[in-house]
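Can you build the whole structure from these sequences, using the hints too?
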Amino acid sequence: MSTVDPAARELSDYRKMEESITISETTEFEGDRELLTLNLGPHHPATHGVLRLLVTLDGEVIRRLQPIYGYLHTGIEKTAEQKSYWKAIPVVERMDYVSYYFNAMAYCGAVEELLEVEIPKRAQYLRVIHLELNRIMSHLVFLGTSALDLGAISVWWYCFRERETLLDLFEMSSGQRMHTRYFQIGGVIEDIPDGWIEQVRKFCAIMPERADTYGDLLNKNEIFLQRQRDVCPLSVEKLREYGVTGPLLRAAGDPWDLRKTMPYSSYEDFDFQIPVGTKGDNYDRYQVRLAEVKESVKIIVQALDNLPDGPTITDDRKIALPPRHELATSMEALIHHFKLVTEGMRVPEGEAYYAIEGARGELGCFVRSDGSSKPARVHMRDPSLVNMQAAPAATEGWLIADMLATVAMFDPIIGGVDR
Amino acid sequence: MASGGIDMEVIRQKVGDAEEFRSKQLRARDMLRGDLDDKDLDEFVQERVLTTTLEKASDWARGNSFFPLTFGLACCAIEMMTVAASRLDIARFGYEAFRASPRQADLLVLSGRISIKMAPVIRRIYDQMLEPKYVIAMGACSSSMGVFNNYAIVPADKFMPVDVHVPGCPPRPEALMHGILELRSMVHGDPTLGWRERYQAEGTEEVYPLAPADATGVNVFGAGGTEGTNA
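As you go down the protein sequences, you meet chains A and B in turn. Each step along the first sequence adds one to the number in my numbering, with nothing skipped, and position 289 is 289. Convert by adding 419 to the 1-based position in the second sequence; the result is the number in my numbering.
Among the clues, some could well be false.
[What the hints assert, rightly or not] Away from chain A, derived, C-beta distances all over 10 Å, residues of chain B:
id: 1; residue: Ala437
id: 2; residue: Leu460
id: 3; residue: Ala476
id: 4; residue: His597
[To be verified] Pairs of lysine-lysine, DSS-like flavour, derived with a Cα cap of 27 Å:
id: 5; chain 1: B; residue 1: Lys577; chain 2: A; residue 2: Lys78
id: 6; chain 1: A; residue 1: Lys87; chain 2: A; residue 2: Lys121
id: 7; chain 1: A; residue 1: Lys83; chain 2: A; residue 2: Lys374
id: 8; chain 1: A; residue 1: Lys260; chain 2: A; residue 2: Lys238
id: 9; chain 1: B; residue 1: Lys577; chain 2: A; residue 2: Lys83
id: 10; chain 1: A; residue 1: Lys339; chain 2: A; residue 2: Lys374
[Claimed, not checked] Listed next, with one range per pair, are the computed distances between beta-carbon atoms:
id: 11; chain 1: A; residue 1: Lys78; chain 2: B; residue 2: Ser563; range: 12 to 22 Å
id: 12; chain 1: A; residue 1: Asp271; chain 2: B; residue 2: Ser563; range: 44 to 54 Å
id: 13; chain 1: B; residue 1: Ser484; chain 2: A; residue 2: Asp309; range: 51 to 61 Å
id: 14; chain 1: A; residue 1: Thr329; chain 2: B; residue 2: Gly513; range: 54 to 64 Å
id: 15; chain 1: B; residue 1: Ser563; chain 2: A; residue 2: Phe338; range: 26 to 36 Å
id: 16; chain 1: B; residue 1: Ser563; chain 2: A; residue 2: Trp157; range: 28 to 38 Å
id: 17; chain 1: B; residue 1: Gly513; chain 2: A; residue 2: Thr261; range: 49 to 59 Å
id: 18; chain 1: A; residue 1: Asp316; chain 2: B; residue 2: Ser563; range: 29 to 39 Å
id: 19; chain 1: A; residue 1: Gln389; chain 2: B; residue 2: Gly513; range: 35 to 45 Å
id: 20; chain 1: A; residue 1: Trp157; chain 2: B; residue 2: Arg522; range: 19 to 29 Å
id: 21; chain 1: A; residue 1: Leu217; chain 2: B; residue 2: Gly435; range: 37 to 47 Å
id: 22; chain 1: B; residue 1: Asn483; chain 2: A; residue 2: Glu118; range: 52 to 62 Å
id: 23; chain 1: A; residue 1: Pro193; chain 2: B; residue 2: Ser505; range: 24 to 34 Å
Just so you know, the hints here were simulated from the structure itself, not pulled from any lab data. All values derive from a computational prediction rather than experimental measurement. Quick reminder that beta carbons are idealized off the backbone N, C-alpha and C, glycines included.
Right under this line is the structure:
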């Protein structure tokens, strides 16, 4: 090992910036107890991205947990304000990068509420199918990576196999694997291709069985169970205080699901159950998601069975692009096309908040319009950020190893936390 | 093939002639026994032995066994995981040993957008990696800020050298795989690493100095402090 005097070396500007952040551990004393404050992240393989945690430890027991955010701050809300309404969709999609259909749905829903536009039934059903496929995909990524954190690597391989099948479906319907921009203001961008429905049916036929397989892989894994059962539970009251929604709240026993309580995009047409847990511990958090995968499959099958015919986007030419063939024959269509592409749609003044049940909880989008073709303000209520507020309460007093398991079960997507 | 997956056909092909393979085997056995004479031996050596330089041999080994860092930033990180998953299976090429510590890794894949707050941290991680080290900027954000042309994002080229840029938002796993293989051919070709000088990145690996002999306190690691290097 060579000895280099680090002080003698000239640091780059970027390294000088980093000198302002302390990442060395510090000790403090509380009576005769020595408390060690440890830095975890932003680069840590078990924090799901660039989450940084300051953990104050008494031996191995967590006394204080302070998450530090902003390492993935992307300025998505600000960028959305600088783009016309329909060109902001790709930007918001990249927010919570595992559930892009949900982001697009929340944003499009808010703008549609301002525009007071009617969405064709077929578009609503196609949205539901894609949302639920995305929910399955998101839960698969959650299950795979969380199990990986807890040392059960095989589940990860299986989950990513199914994820590939799902991404093939997304690619088939929209041409992209991730960030598909399939949802358009007023409907969906185009109809599904031939053969897509059969592929989705094929997937739906195998997925419940596969979900059982993953359950079997984990539920008989004693190490996994020891780290999950009765670890870091939170009560419904406590979770509500923090504003936690989604699978975490349902794991504690509250069947709060916006798909049932405030149905949007024709969710009221479908028959499905809301899986709930009893204790609200890590085990319930994982089981609830696994059960949700099966419920999502049920919704998809129903939507496929009853998929109505008709247009897939509104025929309001002020909102949606005219069909390509009309451009050659209709002057009117050409003008609408030109106006939409160059300036974008004008949205009446007003404010709208549109909330949907994302894969991680209530995903809401607030849009304020000043009557121009660009949103005056776009704000997303991302469940990852809100849910993480409960992480200190859940983990304080538990071991540091339990904390890592709990963060995995909270499933924060840092792209959504920092935006 | 499992039902529901993408339909795929496996075609088995014979590699070479069994007869020829057998005679080659016999000749190798003869050589080992010392049964081959002058002309036969010369022929055998011409046919079987490759000469190379040590540098080329080490480049060959290095290029075929990158140790990528387990380091994900954003969307691209999910696709980076996919590269290791079963469909693409990065292990076919020898890059499956993902390392959690920058000290053990020699390939940094910048998988996602880099915020101004994260950039110094990434630079530090890069500095902590030991030479030789390589960087792939995966996706539009880390190459050119991508769709986020705003105050928060900084492209990787601004603060560290990048060997390969992989375009896409996010790139397909196949694209990342292609990027890694491009890097492999770069390493095999022993490229002049001029861009590192330009970024003052040569020899920036962070090595902690040995603790002075009269240092007080217990250092469980034996050498060096665990604090930041520029205290």
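Status of each hint after checking the structure:
For alanine 437 (chain B), the requirement that its beta carbon stay farther than 10 Å from each beta carbon of chain A is met, with the minimum near 35 Å. Residue-level check passed: leucine 460 (chain B) sits 46 Å from the nearest beta carbon of chain A, beyond 10 Å. Once the 10 Å rule is applied to beta carbons, alanine 476 (chain B) is consistent with being away from chain A; the minimum gap is 25 Å. For histidine 597 (chain B), the requirement that its beta carbon stay farther than 10 Å from each beta carbon of chain A is met, with the minimum near 15 Å.
The suggested pairing of lysine 577 (chain B) with lysine 78 (chain A) holds, with an alpha-carbon distance near 23 Å, which does not exceed 27 Å. At most 27 Å may separate the alpha-carbon atoms for a hinted pair to count; lysine 87 (chain A) and lysine 121 (chain A) meet this at roughly 24 Å. Between lysine 83 (chain A) and lysine 374 (chain A), the direct Cα distance comes to roughly 6 Å. Compliance with the 27 Å bound is thereby established for this hinted pair. About 22 Å separates the Cα atoms of lysine 260 (chain A) and lysine 238 (chain A), which keeps this hinted pair within 27 Å; it holds.
Distance check on the hinted pair: lysine 577 (chain B) and lysine 83 (chain A) sit about 26 Å apart at the alpha-carbon level, within 27 Å; holds. Of the pairs offered as hints, the one joining lysine 339 (chain A) and lysine 374 (chain A) holds, with about 14 Å between alpha carbons and a cut-off of 27 Å not exceeded. Between lysine 78 (chain A) and serine 563 (chain B) the beta carbons are some 19 Å apart, a value that agrees with the proposed interval 12 to 22 Å. Range check, aspartate 271 (chain A) to serine 563 (chain B): about 48 Å between beta-carbon atoms, so the 44 to 54 Å window is met.
A C-beta distance of roughly 56 Å is found between serine 484 (chain B) and aspartate 309 (chain A), which places it inside the suggested range of 51 to 61 Å. As the Cβ distance of threonine 329 (chain A) to glycine 513 (chain B) is approximately 58 Å, the hint placing it in 54 to 64 Å holds. Judged by the Cβ atoms, the range 26 to 36 Å given for serine 563 (chain B) and phenylalanine 338 (chain A) holds: they are separated by roughly 29 Å. For serine 563 (chain B) and tryptophan 157 (chain A), the hinted distance range of 28 to 38 Å is satisfied, since their beta carbons lie about 33 Å from each other.
Evaluation of the 49 to 59 Å hint for glycine 513 (chain B) and threonine 261 (chain A) yields a pass: the beta carbon distance comes to about 52 Å. Range check, aspartate 316 (chain A) to serine 563 (chain B): Cβ separation about 36 Å, and the 29 to 39 Å hint holds. Take glutamine 389 (chain A) and glycine 513 (chain B): their Cβ atoms lie about 43 Å apart, and the range 35 to 45 Å holds. Between tryptophan 157 (chain A) and arginine 522 (chain B) the beta carbon distance is about 27 Å. The supplied range of 19 to 29 Å therefore holds.
Evaluation of the 37 to 47 Å hint for leucine 217 (chain A) and glycine 435 (chain B) yields a pass: the beta carbon distance comes to about 41 Å. At roughly 59 Å, the beta-carbon separation of asparagine 483 (chain B) and glutamate 118 (chain A) lies within the given 52 to 62 Å, and the hint holds. For proline 193 (chain A) paired with serine 505 (chain B), a C-beta distance near 26 Å keeps the hint of 24 to 34 Å intact.
Of the numbered hints stated above, none is contradicted by the structure.
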